[in-house]
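Using the sequences and the accompanying hints, generate a full structural model.
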Amino acid sequence: METTKRDYSLTGLESKLAEERGLANAEWYACNISRARMKELLQRRDGPAIRDTIIWFGLMIVSGTLGWLTWGTWWAVPCFFVYWTIYGSTSDSRWHESGHRTAFKTTWMNDVLYEIASFMVFRESVVWRWSHTRHHTDTIIVGRDREIAAPRPPNLWAIAGAFINLPHGPQELRSMIVHCFGKLRPDEKTYIPESEHHKVFRNARIYILIYASAITWAIVGRTWLPLMYVGLPSFFGQWLMVVYGLTQHAGLAEDVLDHRLNTRTVYMNPINRFFYWEMNYHVEHHMFPMVPYHALGKLHQEIKADMPRPYGSIWEAYKEIVPTLFKQVKDPTYFVKRELPSHVKPMPAPQPA
Amino acid sequence: MSENWVEACAADAVHKDDVMRFDHGDRTFCIYRTSDDKYHATDGLCTHARVHLAGGFVMDHIIECPKHNGRFDFTTGQAKGAPACVDLKTYPVKVEGGKVFLNLGS
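First to last, the sequence lines map onto chains A and B.
Position 120 of the first sequence, counted from 1, bears residue number 108 in the working numbering, the numbering being contiguous throughout.
To convert, take the position in the second sequence, counting from 1, and add 2; that gives the working numbering.
If you are wondering where the hints come from, they were derived from the structure by calculation, not from laboratory data.
Here the structure is a predicted model, which is why all the values come from computation and not from measurement.
Incorrect hints may appear among the rest.
What the hints assert, rightly or not - Pairs of lysine to any residue residues, derived as SDA-like cross-links and limited to a Cα-Cα distance of at most 25 Å, are as follows: (1) K171(A) x G157(A); (2) K91(B) x T95(A); (3) K27(A) x V53(B); (4) K93(A) x H54(B); (5) K27(A) x D45(B); (6) K18(B) x M26(A); (7) K18(B) x A24(A); (8) K82(B) x P277(A); (9) K82(B) x F189(A); (10) K27(A) x D20(B); (11) K27(A) x D75(B); (12) K93(A) x M22(B); (13) K27(A) x G83(B); (14) K93(A) x V97(B).
Next comes the structure, spelled out in structure tokens:
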């Protein structure tokens, strides 16, 4: 079979086609839930996120300190493995929730955590806030969504490389350097308003300054230690983020206006839910992004009768994802069709512009 | 601003700490009621992505957009940070005879 490669860039033909087909800035399906119940679920609280953030930083401080104390011995390996994983992987969920400003009730707490987590996960905070905004507007719409993790046909080497932040990390570094010089890429101009450009340039310069300081310290001090804490974890600690992140959309439908068809909800154990900050309820999050992470489980209970069957575990999700990605290499038109409950009507087709 | 008062809804149709959509002609508005029974009105669509704010969440004097979590102070219309960067238009409101009226001007 001849493989057809779609244009996933935000400035190509598919972008225009998405607009013409009514897929850009479209109305999406939302399950029915009473306004009163929704208001209960939307209530913001500082307590859960303060507790979780103290535990989260505590784990990094303990593992990082043990790594420093055992430096030069093999004991440092498991200590830094834990530190890198928490730093490089679980910062993704903190970045995500605080980016939506739903983690805490207090706005500045969300914004401080967002800046710290963005740095840790190696994402420029302003660029990625706008990128993620687009991801929510046009979820897995080809030519519109920059955050499609497994474009078809999937590049299996790139997906494997993502476990150590390749090729994304070097690409992000290149973008940071470009931004330091006051320039944006053409695709970035499609989703970042001009009024925000100066913030992109300012933050890129701060990031580069921090990394340059860590590298200088390492060279002058003739030690890897500074880079063990800043820089290297953003590459070699990202494996768990990929394990969680691929469950969100990989292998599911493109160009549909119903999150139940292009997003997974996966049941996870409490430890994974802590590190992933309940983002396993991903259909619920996309459908109602105002609901804070600590209420997503309750939201799931409210609407699950209208949803496809959730995946029972990460393992169950991967039993579907891995064969699907291999199949899509040969047949990019193939995807997993999620089955809606029989009593639920699918979202009507979009109206062409 | 010239006066053009339009009846929008019954005052008790808007719950405390909540928002209600009001369509008039080809325009759409939001009417807010605070916990201390004050009423406010703004344009109904988010200035960022044209989403109906009436589906959003009211926290004190803030309305949060249901789609991208952009926030506005609905008493002033001020955008409170990305992705909401352009202020909302606000409208004078009065409550008379148990009904809410908006001054849409000329």
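Inset, instruction - Check each numbered hint from earlier against the structure, then list the numbers of those it violates in ascending order. - result: 14
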